[in-house]
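Participant: Between the sequences and the hints, there should be enough to build the whole structure, so can you do that?
Protein chains in written order, with the numbering used here: chain A, 1 to 116; chain B, 117 to 228.
Treat the hints with care, as some may be off.
Once the Cα atoms are required to be at most 27 Å apart in a straight line, the calculated DSSO-like pairs of lysine-lysine come out as [claimed, not checked]:
| id | chain 1 | residue 1 | chain 2 | residue 2 |
| --- | --- | --- | --- | --- |
| 1 | B | Lys186 | A | Lys41 |
| 2 | A | Lys38 | B | Lys220 |
| 3 | A | Lys53 | A | Lys40 |
| 4 | B | Lys186 | A | Lys40 |
| 5 | B | Lys186 | A | Lys19 |
| 6 | B | Lys220 | A | Lys9 |
Hint data in this document are derived by calculation from the structure and do not stem from the laboratory.
Predicted, not measured: the structure shown is a model, and the values here were computed from it.
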Amino acid sequence: DTEVTQTPKHLVMGMTNKKSLKCEQHMGHRAMYWYKQKAKKPPELMFVYSYEKLSINESVPSRFSPECPNSSLLNLHLHALQPEDSALYLCASSHQFMTSGRIEQYFGPGTRLTVT
Amino acid sequence: SQQGEEDPQALSIQEGENATMNCSYKTSINNLQWYRQNSGRGLVHLILIRSNEREKHSGRLRVTLDTSKKSSSLLITASRAADTASYFCATVDGGGADGLTFGKGTHLIIQP
Chain A
1 DTEVTQTPKH LVMGMTNKKS LKCEQHMGHR AMYWYKQKAK KPPELMFVYS
51 YEKLSINESV PSRFSPECPN SSLLNLHLHA LQPEDSALYL CASSHQFMTS
101 GRIEQYFGPG TRLTVT
Chain B
117 SQQGEEDPQA LSIQEGENAT MNCSYKTSIN NLQWYRQNSG RGLVHLILIR
167 SNEREKHSGR LRVTLDTSKK SSSLLITASR AADTASYFCA TVDGGGADGL
217 TFGKGTHLII QP
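Facilitator: This is the structure in structure tokens:
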């Protein structure tokens, strides 16, 4: 199974709502990532989890809160978002170490988020 | 932060022709990867080239890397309509679980 799944596919939320994005993989990858992609722009890294521990936070506002409950799941909790946070949120996973020779990332289809 | 700069930003060619996209980057890298994205969906890994490699082939794809010029090119031969997508180069500048830094991307349109 080489698939990364993300739910929901689409999400519309108000600025006072709390919602969560979910990501799941069963490839045994121990590194998982959140990226944000605005229209006609490249993805930008938000967070990296390595062995269920947050290893990189690219200065993301605290209204985005990641969580890695186990090695297969990655969540992104959203609270008090702004309209400019509307974007495609992509989850990815990869093997941890370069010596594995397989450090390409596998991406999910993304969640298209609209903040109203 | 963005590192790679793709060139051209958009490319439209006829089916059967070859498509070449270029990417430049700024810092030293461990490897460089190319990804394809169809119309606002997830990215698909195409090919990886390590910093000590100069050229790599995979099917109709050919990637070159010039670390002295900090640049890479992706050639797609005998293009097909299904190759219509956005193509991004991405770099990893460390070992382990570093995130990818993507270039701006080239939007490729293959005219049937």
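Participant: Which of the numbered hints above does this structure break?
Facilitator: Failing hints, ascending: 3 and 5.
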